[in-house]
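Protein sequences, first through last, are from chains A and B. Mapped onto the numbering used here, the consecutive letters of the first sequence carry residue numbers 1 to 113. Mapped onto the numbering used here, the consecutive letters of the second sequence carry residue numbers 1001 to 1113.
These aren't lab readings, by the way, just hints derived from the structure by calculation. Be careful, since some hints might not be right.
[As the list claims (entries may be wrong)] Here are the computed lysine-lysine pairs in the DSBU-like style, where the Cα-Cα straight-line distance is at most 35 angstroms:
(1) LYS9/A with LYS1058/B
(2) LYS57/A with LYS1069/B
(3) LYS1049/B with LYS9/A
(4) LYS1058/B with LYS1069/B
(5) LYS1058/B with LYS1068/B
(6) LYS57/A with LYS1058/B
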Amino acid sequence: DSGVTQTPKHLITATGQRVTLRCSPRSGDLSVYWYQQSLDQGLQFLIQYYNGEERAKGNILERFSAQQFPDLHSELNLSSLELGDSALYFCASSLSGRMDEQFFGPGTRLTVL
Amino acid sequence: AQSVTQLGSHVSVSEGALVLLRCNYSSSVPPYLFWYVQYPNQGLQLLLKYTSAATLVKGINGFEAEFKKSETSFHLTKPSAHMSDAAEYFCAVGADSSYKLIFGSGTRLLVRP
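Chain B on its own, in the form it takes in the complex (with noise of 0.2 angstroms):
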């Protein structure tokens, strides 16, 4: 079975900080994983996805995570926060046999001024 685990409900960052929103996965065959970002009253839309080509996975506005599968981790990150990415960021694991997407609970990041 999959599942995901996201650290921290809540996270709280200056304007210009680094952004560290981390994710561990539970799979039992190679995963495929997926950030997601989601702005109040709106869908999630993909930020970027890890699909075994590449450790380190670049994706929209700035943000990259890299896959350590020692460590079972996809942590997110950006080096300079800006206030537009104050969103709840999401997690997702899936499998190829599944075609299914499961998620983490979700993290918030405030962005302070």
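Chain A on its own, in the form it takes in the complex (with noise of 0.2 angstroms):
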């Protein structure tokens, strides 16, 4: 168990519906990072954010948000869903978000019918 907690395990919705997921970092970690696992795509970062503020982005989608709230839990949000967004996606956290170890949670696998 590394301490990252991800809400809910599995998701199944439809195309063009909105998603939210959530994500707890163990305790003390500030940073906050999501990742996006597919089989064509492999790992990707998304984004990650310190202390409440975005600190860098990658592949994401302009369909894709988040944010990091005050008591430093997470929420990716994924709108107008569409087939090729069925993904794992994961949340890692870390305590500085520089170049340490990054722990991740068990991941959320979203399924778009």
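Quick one: dock chain against chain with the hints and give me the complex.
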């Protein structure tokens, strides 16, 4: 158990819908990262937050957005869902947000039908 | 730009045999290098990390990796494979300026009895 929690574990929805994925970092970690893992794209970095502020952005679609709240949990919002958005979404956290160890959550499996 | 290449999407070894998983990186700045392991239906777990302190890095579960700048490689080895080592292994590169990890495509390790 990494100490990072993600909810829900599984999510099945239809095209065009909007979903919210939630992540709680390890106690004391200030930085949260979101990654997408799919068969065709592999593991891709989406976005990073540090202490409530966006720090780095990767290949995140405009239909996707994220935020980190004052209690440091983070949410990833995916809207106008397409079939190709079906993937495993991982959240990771680290202490400082620099090149220290990232601890990964168990992931949320999103299926878009 | 940084990138990671993992040679071999699947590697099969016999129990007790040497494990060698290959990773080559490209980075314009001194890299941070990581190996993560993913067991089925789980998140990623850090095996080891290179941050320029020593070229031979020892990790958990008997794994180690050697940083070779001249070859831009960071191959993962274990002297004797166990059945429990069967999993997917990801090499990743990070640079301090960007705070994100770039992952390779992964290598699935199969261990034959």
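We went through each hint and held it up to the structure:
| no. | hint | verdict |
| --- | --- | --- |
| 1 | LYS9/A with LYS1058/B | holds, 33 angstroms |
| 2 | LYS57/A with LYS1069/B | holds, 28 angstroms |
| 3 | LYS1049/B with LYS9/A | holds, 28 angstroms |
| 4 | LYS1058/B with LYS1069/B | holds, 17 angstroms |
| 5 | LYS1058/B with LYS1068/B | holds, 15 angstroms |
| 6 | LYS57/A with LYS1058/B | holds, 31 angstroms |
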